[in-house]
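Peer 1: So the chains spell out like this:
There are 2 protein chains.
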Amino acid sequence: MMYPTVLSFILFIAASHLANTVAVAQAPTEPSRVVAARNIPVPDTVSAQMQTLIAQQPAGMSVPKTAEEWKALVAAAAKIDLVRIASLRKQFDVTVESRVIGNVPCFVITPKVIPATNRNRLLVHVHGGAYVFGPGESGTLEAIVMAGFSHMKVISIDYRMPPDFPYPAAMDDAMAVWKEVGKLAHPANIAIFGTSTGGGMTLAMVQRAKEEGLPLPAAIAPGTPWSDLTKTGDSYFTNESVDNALRAYEPLLSAAATLYANGHDLKDRRLSPVYGDFRGFPPTILTTGTRDLFLSNTVRVHRKLRQAGVVAQLEVYEGQSHAQYMPDTTAPESREAFEEIANFFDAHLGR
Amino acid sequence: MMYPTVLSFILFIAASHLANTVAVAQAPTEPSRVVAARNIPVPDTVSAQMQTLIAQQPAGMSVPKTAEEWKALVAAAAKIDLVRIASLRKQFDVTVESRVIGNVPCFVITPKVIPATNRNRLLVHVHGGAYVFGPGESGTLEAIVMAGFSHMKVISIDYRMPPDFPYPAAMDDAMAVWKEVGKLAHPANIAIFGTSTGGGMTLAMVQRAKEEGLPLPAAIAPGTPWSDLTKTGDSYFTNESVDNALRAYEPLLSAAATLYANGHDLKDRRLSPVYGDFRGFPPTILTTGTRDLFLSNTVRVHRKLRQAGVVAQLEVYEGQSHAQYMPDTTAPESREAFEEIANFFDAHLGR
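Just so you know, the sequences run in chain order A and B.
Taking the working numbering, the leading residue of the first sequence gets 1321, the next gets one more, and so forth.
Taking the working numbering, the leading residue of the second sequence gets 1321, the next gets one more, and so forth.
FYI, nobody ran anything at the bench for these hints, they're computed from the structure.
Just to be clear, a hint being listed does not mean it is correct.
Which copy is meant is left open, because identical chains are indistinguishable; a pair holds if it fits in one copy or across any two.
Stated by the list, open to error - Calculated pairs, SDA-like style, for lysine to any residue (alpha carbon to alpha carbon, straight line, at most 25 Å): (1) Lys1587 with Pro1361; (2) Lys1503 with Gly1583; (3) Lys1473 with Ala1396; (4) Lys1587 with Gln1371; (5) Lys1587 with Val1362; (6) Lys1551 with Gln1371; (7) Lys1499 with Pro1348; (8) Lys1499 with Ala1538; (9) Lys1432 with Thr1386; (10) Lys1530 with Ile1421; (11) Lys1499 with Glu1389; (12) Lys1551 with Ala1356; (13) Lys1587 with Asp1364.
Note that the structure is a prediction, hence the values are computed from the model and not measured.
Let the hints inform the model, and build the full structure from the sequences given.
Peer 2: Right, dumping it as structure tokens:
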């Protein structure tokens, strides 16, 4: 069969793309891509536990309309979180005690066994939850898991949140704690970590510490950080409804961002640290997943760090939606994610 | 307003997900996720040049039915590639000469200026193109760009391909060259790199070198490697039609895989190296993009390498489809991708 011109042109374009050499001007362009409806199977390239998480239907979404509705919602979620936290405390064999540091309520999570090499080390935890969820002890979940995997002491910050305390209360509390923990351990022996909102705050804390001339931590681990509070970044669109944890920016993330910002510009670097300065950052390990709505929030920060010459390690987990290393810590991929971070801290923290 | 039970439950699920603490059993599960049709805008978080590439419509696809049709298609693509290659040779100021190494035709790409630190170093390039595209000099595109960015000499392997020479011809040729280049430079001073099929072959070469007791390179850079020739891995599904370079596994990738395998099991580790053994691998830098159909092909390899304790650096570029660092080397993100790899080689190669 001979090639008539039309078929030949189609095949040529296909071939050029496959060979990755097509010149810029050859293909027709479009301002946005229409992607047809699809059926996405649960991948068989992850563990059985992770398959169960990925198979969960995306959550239905609705937004509280008043401060009271927000509080009721947050309280209901916290109640459930506390049940899981009680079980995690046993599973990871840690003790949890309240302690006020820099006038901010904190929780000190202490593993039963701390090896000699970790005695002078300290981790500071900033919890997630869209700046509204995770008050009090309900915010300690990730801190307990990390204490268990790292065998280091963790201080989890119970920062103030909206609706009562919008920006900058959370950041002011986090910084007040940061200023004080330098008295508990040498900053060269301290790391800061957190997921989602906690990851965004971790980045914003380092930027603010730089601006205020404070010592920096020796390493940080922002997990799938909410680095851009606006719907900016490719995966907010490409992973919409593909991510079954966050599902989409609208309506809940959008509402939470507005509640937190309280009139401040959502693109202000102090709220959206992807727009801040990453020069001089300590070694950073970032964690995300291929289905994560915050994949772009994570890789954009990774590129900024690399452009600033920072040691920055990116871990992307197959099939995972937002922070899906968290809901089932017995999944091999969850262990792997926490152990990567623990090993990273071990490599970069002083003793 | 009070919460009636249904609304309350919906909000709770939403909140639990946001807080990432939802227990495994709480949400209903589904064997696959239906994602509705969507309109995905070109991201404003990438350079103007990258926006132009991302805005291109996915290529129409059609598959040759005979060996003659394959050859005509490959020849047509090669003709266009050679035009761009002529211009890249000037842009990056390199000379290209033919040389037979281990009875295999190769191209030696020499930058005009090679700094003293790079005089004893050598890069080995394995070109991409789905095991069928890029014959002869048309396969040297990436080698020229890398020589330009790294200021190192590059040997690009013109391995045999189907329809005339299916597996294992390509791998046999690549290994024959690998055995000989050790006479041109010390293996501790040599890296292997390649994109897509070239990335898959890079991984398979190291695995085969291990099995055959040959020396290993000092570093490798598989770019978005075709590590699994079957449609296995989450992004084959999640990024279908989101990726505008490859678009989908069917029909062209599937046909090319079958043509190459020639009856061999597509999951054989020698064809799909993600199933091989990654212990003892040299330091590896992997490159992909958030829209890449091969995002999972890349991150699955990254996890395997990390599980094997290998130094493995993952770079994921915002908004990029498969190997989209290649079509416009003037885009800042393209420069960044090649410079990351060049710096990685510089850090890990002996002198």
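Peer 1: Each of the hints needs a verdict: does it hold here or not?
Peer 2: Going down the list of hints, with the structure as the test:
no.	hint	in the structure
1	Lys1587 with Pro1361	between (36 Å within a copy, 20 Å between copies)
2	Lys1503 with Gly1583	neither (35 Å within a copy, 67 Å between copies)
3	Lys1473 with Ala1396	neither (29 Å within a copy, 63 Å between copies)
4	Lys1587 with Gln1371	between (36 Å within a copy, 21 Å between copies)
5	Lys1587 with Val1362	between (35 Å within a copy, 20 Å between copies)
6	Lys1551 with Gln1371	between (28 Å within a copy, 18 Å between copies)
7	Lys1499 with Pro1348	neither (55 Å within a copy, 45 Å between copies)
8	Lys1499 with Ala1538	within (15 Å within a copy, 44 Å between copies)
9	Lys1432 with Thr1386	neither (43 Å within a copy, 68 Å between copies)
10	Lys1530 with Ile1421	within (21 Å within a copy, 54 Å between copies)
11	Lys1499 with Glu1389	neither (34 Å within a copy, 70 Å between copies)
12	Lys1551 with Ala1356	both (22 Å within a copy, 19 Å between copies)
13	Lys1587 with Asp1364	between (39 Å within a copy, 14 Å between copies)
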